[in-house]
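Undergrad: Two chains, two frames, a set of hints: combine them into the complex.
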Amino acid sequence: MTDIEGNERFESLVLPHLDAAYNFARWLTRDDHRARDIAQDSLVRALRFFAGFRGDNARPWLLSIVRNTYFSSLKATQREELRPDLDDEVMGSALEAAYKLDPSLTLERKWDRERLNRALESLPLEFREILILRELEDLSYKQIADVAEIPIGTVMSRLSRARRLLAERLAVDED
Amino acid sequence: MDCTQIRQQLDAYEDGELDAIRARELETHLLGCPDCLRAEERLTELRSAVRKHATYHSAPAELRETAMALVRPPTSRPWRGVTLRWWQLGGLLSASASAAALCALVALHLASPTIEQQMAAELVNDHIRSLVQDHLLDVASTDQHTVKPWFAGKLDYSPPVRDLADAGFPLVGGRLDYVDGRLVAALVYQRREHRINVFVWPASGGAARSEHVANVNGYNVVGWRAAGMDFWAVSDLNSAELEELRAGLDRN
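Note that the protein sequences, when read in sequence, are chains A and B. Numbering follows our numbering, in which position 137 of the first sequence is assigned residue number 208; successive positions increment by one, without gaps. Numbering follows our numbering, in which position 202 of the second sequence is assigned residue number 198; successive positions increment by one, without gaps.
To be clear, the hints were calculated from the coordinates, so they are not data collected in a lab. Note that the structure is a prediction, hence the values are computed from the model and not measured. There may be inaccurate statements among the hints.
[Claimed, not checked] Where chain A lies over chain B, by a calculated footprint (3+ residues, C-beta under 8 Å):
{"#": "1", "segment": "1 to 8"}
{"#": "2", "segment": "44 to 54"}
{"#": "3", "segment": "62 to 68"}
{"#": "4", "segment": "120 to 128"}
{"#": "5", "segment": "213 to 222"}
Glycine residues also receive a C-beta, built at the ideal position from the N, C-alpha and C atoms.
Chain B with its partners taken away, still in its complex shape (with noise of 0.2 Å):
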């Protein structure tokens, strides 16, 4: 090749373009051609510019609202709706029946799977929320000694918090949300470009819960019970991966 087609095929070789035989007959001839060399340096200059300085416009925060809306109308979301349902009828039940009746029908939806899975359900509409609104943090810190403190006064018990980056898990940050009406803690964890929430509160109600593993539209959940807290992993991190993060978790 000439000089004419190597630059021809500049472009294409630093988008990674160019199949392998033509790749290195290209930079067979950059070792050669001082020209060639410094035009290709020129390139990757320019891109690695564009990457690094060009502004990428996020979208702004109504735009953001408007988009939740239009995929969720008040009516549509399953957990609050069902919520709702057992409030009524345990109001109901309450005024009419005793209060013994009541205690077993809260007990049988506390042993029921579907309540495993609506939470699982839920926590994956609280991960999707927390990339898609750009809210994922409100205390960015890979440091477990200025993430933990920073719950402390904004919620009423302290979450345990680690940085598993031992273990390939770098902690990112944390912050608050909102599950099933109550303000909890979210650890943030990273993997190669995987996020992973990591909801945490005291545990409550109900027997010792057993681990509980569910995929909810690709994202894989794990909730499982340790040290008196519950524990909910999600992310879109397949599930033996998420598995590592729990026994991390679990090993303090």
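Just chain A, with the same shape it has in the complex (with noise of 0.2 Å):
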């Protein structure tokens, strides 16, 4: 494959993906210009790393490397401090504690925008963005464990952990 050609197929097949590149990098980053600046690094690395690409959809692998890209444009010590703290043990307990919680969600509710924006942004990063893929990217369990690297069991209670402690948030919000 030629440099032209190249240049073609991952022009068709990756920039496609530019808006979720962006808006996954800005969900992470919570901040316009650095999520300009994840953005662009990373289609700089899927540029340099296309050749090595196979499967059709690019998008789960283009979100991938902007998560890597975003996570190595940390300092050490603010990686630690994002590490999740909960195993899933914890978690299921958290998860059942959380139902009986019963946040006063009620179906007439009226949702708005800042609020729900506020309340996602202000998830740890690892509730934040799973939640980012699988509402707004669209991504599958199996998806989402393969840009997030953990495993599928964990995708499933870490989402639906992710989601008790939104509509925490929302409720508490609402006070």
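TA: Structure (structure tokens):
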């Protein structure tokens, strides 16, 4: 494959996912400028490693590059802070506790974009990223597992916990 | 399954990740358990709120430009490059050789299939750019009586605009685009998730072109001439359905 052919393939397979790359970076960083930098660096990396890309759906592939680029942009100390502090067992019991909490979400509730964005942004990174990948990027559990480099079982429990947390924060925010 | 197990599987159920047998079991439980049903409804509500109302941050224009510059350094545009060389060649020839020789050369090029291929490649690039750069529509309307007048005054011709919703190709809108250095009409149709760009301009030069079908990087291109216009349809839609669209447009 010549450079030009490679670039054309890149343009038709990868560039349509530019919005996804920026959106994901924006939710990870919560900052427009940093998100631009991360997205741009990710594209440069993606182009460099494009020859090794197999398959026809480049979105999860590009998103995992965005995620790696983001993490490598953090200082080691920041990275340490981001480690999930809950193992699956703790998560399991927290899960049940959350159900008992029964956040008072009612079906009549008016969803306010501003409030929802704030609540989402306030979630710890490992919960925030998984919700974005699932609900905004519509990735499957398998694809999320690949992007976030966690087992599928963890995707399931973490997503579940993320939703409980979001519901709680929305309920608290209401008061 | 008891309520605790059900609740633990609700998310996977909502996400369509539960196998059919367990999904059936869960649904049976929901029918007989108002508490779990309420939990399921809340989860549905939360999910649709996030999907509908959380901001999806589209890439800023600057980032798009950077991205395009990354994959398309100015020298890697084959169609433009070739055009330039023709002009240079033309200039040289007209200066040194007879006009007849030039005409023969141009005619030869017009008849050559590579011109159609290059056109197809340029149109596929235009198609991708319209999607990637978020500039698909200048006028968004499913009403042909809104789209057609919109082009008046912007082009020196009036493109035929027809909504083909009846044939399963609803009109989405139109925009102006540049093809081979001239301003042309691009009509946008939709089928399922696929966008289809139909580029239209007055037929010119050479004998009536026969139909052209090409596949460029996975995009299908169909070109044809009808009612004095050249039509080029480009999409990631399969070629059989693209033919359907062409038949619909030709039925006029």
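Undergrad: Tell me whether the statement that chain A covers the segment 62 to 68 of chain B is true, taking a Cβ distance below 8 Å and needing three residues at minimum.
TA: holds (count 6)
Undergrad: Please count how many residues of the segment 213 to 222 of chain B have a CB within 8 Å of a CB from chain A and say whether that reaches 3.
TA: Contact hint for the segment 213 to 222 of chain B vs chain A: holds, 3 residues under 8 Å.
Undergrad: Cut-off 8 Å, C-beta pairs, minimum 3 residues; does the coverage of the segment 1 to 8 of chain B by chain A stand?
TA: Satisfied; 5 residues make the cut.
Undergrad: For the segment 44 to 54 of chain B, does the count of residues with a C-beta closer than 8 Å to a C-beta of chain A reach 3?
TA: holds (count 10)
Undergrad: Taking 8 Å as the C-beta cutoff, is the stated coverage of the segment 120 to 128 of chain B by chain A satisfied by three or more residues?
TA: holds (count 5)
The structure agrees with every numbered hint stated previously.
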